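Novice: Residues per chain, in single letters:
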Amino acid sequence: MENLLEVKNLQVHYETDKETVYAVNGVSFTIQNGETLGLVGETGAGKTTISLAILQLLSERTARIPKGEIYFKGKNLLDLGEKEMQLIRGEEISMIFQDPMTALNPIMTIGKQIAEALRLHNHQGLSLSEIEEKVDEVLKMVGIPPERKTEYPHQFSGGMKQRVVIAIALACEPQLLIADEPTTALDVTIQAQVLLMMKRLRQQLGTSMILITHDLGVVSKVCDNVAVIYAGEIVEYGTLRDVFSGKVHHPYTVGLFGSIPSLTAKTRRLQPIEGLMPDPTKEVQGCRFADRCPHVREICRRESPSIFAEGSHQVKCHLFREEEKHA
Amino acid sequence: MPDIILETQNLKKYFKTRRGMLHAVDGVNLRIERGKTLGIVGESGCGKSTLGRTIVHLYEPTAGKILFNGTDISQLKKKEQKRLHTDMQMIFQDPFSSLNPRMSVQELILEPMLVNDIYDTREQVYAASAKLMDIVGLAKRLASAYPHELDGGRRQRIGIARALSVGPTFIVCDEPVSALDVSIQAQILNLLMDLQDEMGLTYMFITHDLSVVKHISNEIAVMYMGQVVEKAASDELFAHPLHPYTQALIAAIPTPDIDDGGFSDLEPIKGEVVSPVNPAPGCRFAVRCPYASSGCTDQELTLKEVRQKHYVACPYIETEEENDNTKV
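These protein sequence lines are chains A and B, in that order. Counting from 1 along the first sequence, just add 779 to a position and that's the residue number in the numbering used here. Counting from 1 along the second sequence, just add 828 to a position and that's the residue number in the numbering used here.
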């Protein structure tokens, strides 16, 4: 299958007068047509920075991309100018932001906000009435009665607002959708409604998706492949099955799973990861997880680990390299 | 007889709004056993935080009784209330806005002890604050740090130290881990459970997260629009959820499990929570309930015991005895 998106060794730094923040440190992944990739990690892992880099929405003042390439349908997006990017953004790649309360314009009806996206990318030369028809169609698709298109965002509940945001993102039928924590702000029953709807639309439209989340539960319901991100690096990458039930795992992935209270098993104590994420303003010599890792060895602090691969499953850790040698 | 530390009897808290009375908490009867944890679970706007705040007297109850150690505290005078605060404390959701940004860690922990005149001398207060920092796992070097210098987990540890500083026996924890990352969340949950074991604390643990509430609670009450719709021991509730709302809630949790068909057979409940202003009589879940009929809205529903210590407010769920009778 053809790669729709290929990110190669991407690095993103934020530079200010005082310090440099190493937000993304050499991330590589691919997305094929129709695939959903989950980017999982905690606050500050660099998930959102990666998506902003793909869309070239990083702050021009502070963000630098010292290394890396982002190929979308064979073109390196980093070589494109702002004019060319505008043709891709919202049309071929679009984004759903985390907080539907702030992503919508409060003084514009939702119908106008959806029509705006269609108007700005109107290559087919649709007439105004055709655009209105399309707005109705998109609203029906996300389960909002088209009569409500003359209402303002504050007249909708949180779940409905997120549906509007999804409708705007899907209006131009993009090939790639980046969803940044699309259900984090929603209640669990509403989250289930929205996740099911996104799954259905994806199948219907054949859209590829990057789902950014901190919730392994959400990933397990929606994604085909998973990349676990820690301190700006992918520490584990593979199919859903690889990451959830593969033979070997990165100690950070193990810690993430150990931190979630189980609904089925009876556990008196959780097994959290001790300590905190490393300071992103410091350059690290060895493995970035070393300070919190229960299996840390001397080599971990000296050398950055290379990738241990087993079929589609990749783990960036010294632990398995060693085992391989012993075997 | 179980040793009941806190009991609410038909507790109500209404707020006046322009459109009418908002029934935030509407007739809640709960009992919490000393040394145990009662989990309160529900979605946003179900009144769970208002319930917690009314119990610790941050809100005046509209009606009903709150019995703490057997005495009614709902009608206390200001002075008597203050004494109560050394027995009852609260841990807040957002460790970013619940701490004064201009106070250092030590000042923040000292404050409740000074306000409540817990100790006679300054030395005692300082010694107590140092001990508290140790108990909640804050390093000594952080004593003079300010909240903005700390991460969410450490800030929540300050919130816990402040609550513990006056020596309470009962703590209302209002979504204490919701703002935290999952690995930090696990650290704080472990800390809260260790403190309970060591000090014999009683918790009322308010959360929207069902896996967290199952993990920490002995008993769980499920709230919907100001009312408790189901109440049972933690394991019992998850093994036999009876109320249609509880069933829908549990089914909607995305568990990190890849062999359950990925939600493919899930039928999420339709619609959303309706307005709690001047609610219609009867079951408030009826408009979203797949089993609803006229029997749900013509009568006020009360919790009834349908299995041992398992209470449900739904007219269609029969008690085990009734079931047995019909079988005979």
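Please note that a few of the clues may not be correct.
[Claimed, not checked] With a straight-line cut-off of 25 Å between C-alpha atoms, the simulated SDA-like cross-links for lysine to any residue are:
hint, chain 1, residue 1, chain 2, residue 2
1, B, K968, A, P1040
2, A, K1045, B, K1098
3, A, K1045, B, G1090
4, B, K1098, A, E916
5, B, K906, B, L886
6, B, K864, A, P1040
7, A, K1061, B, K864
8, A, K1061, B, A973
9, A, K1026, A, D1003
Since the hints were made in silico from the structure, they are not lab data. Quick caveat: nothing in here was measured; it's all calculated off a predicted structure.
Novice: Could you work out which earlier hints the structure fails to respect and list their numbers in ascending sequence?
Specialist: 1, 2 and 7
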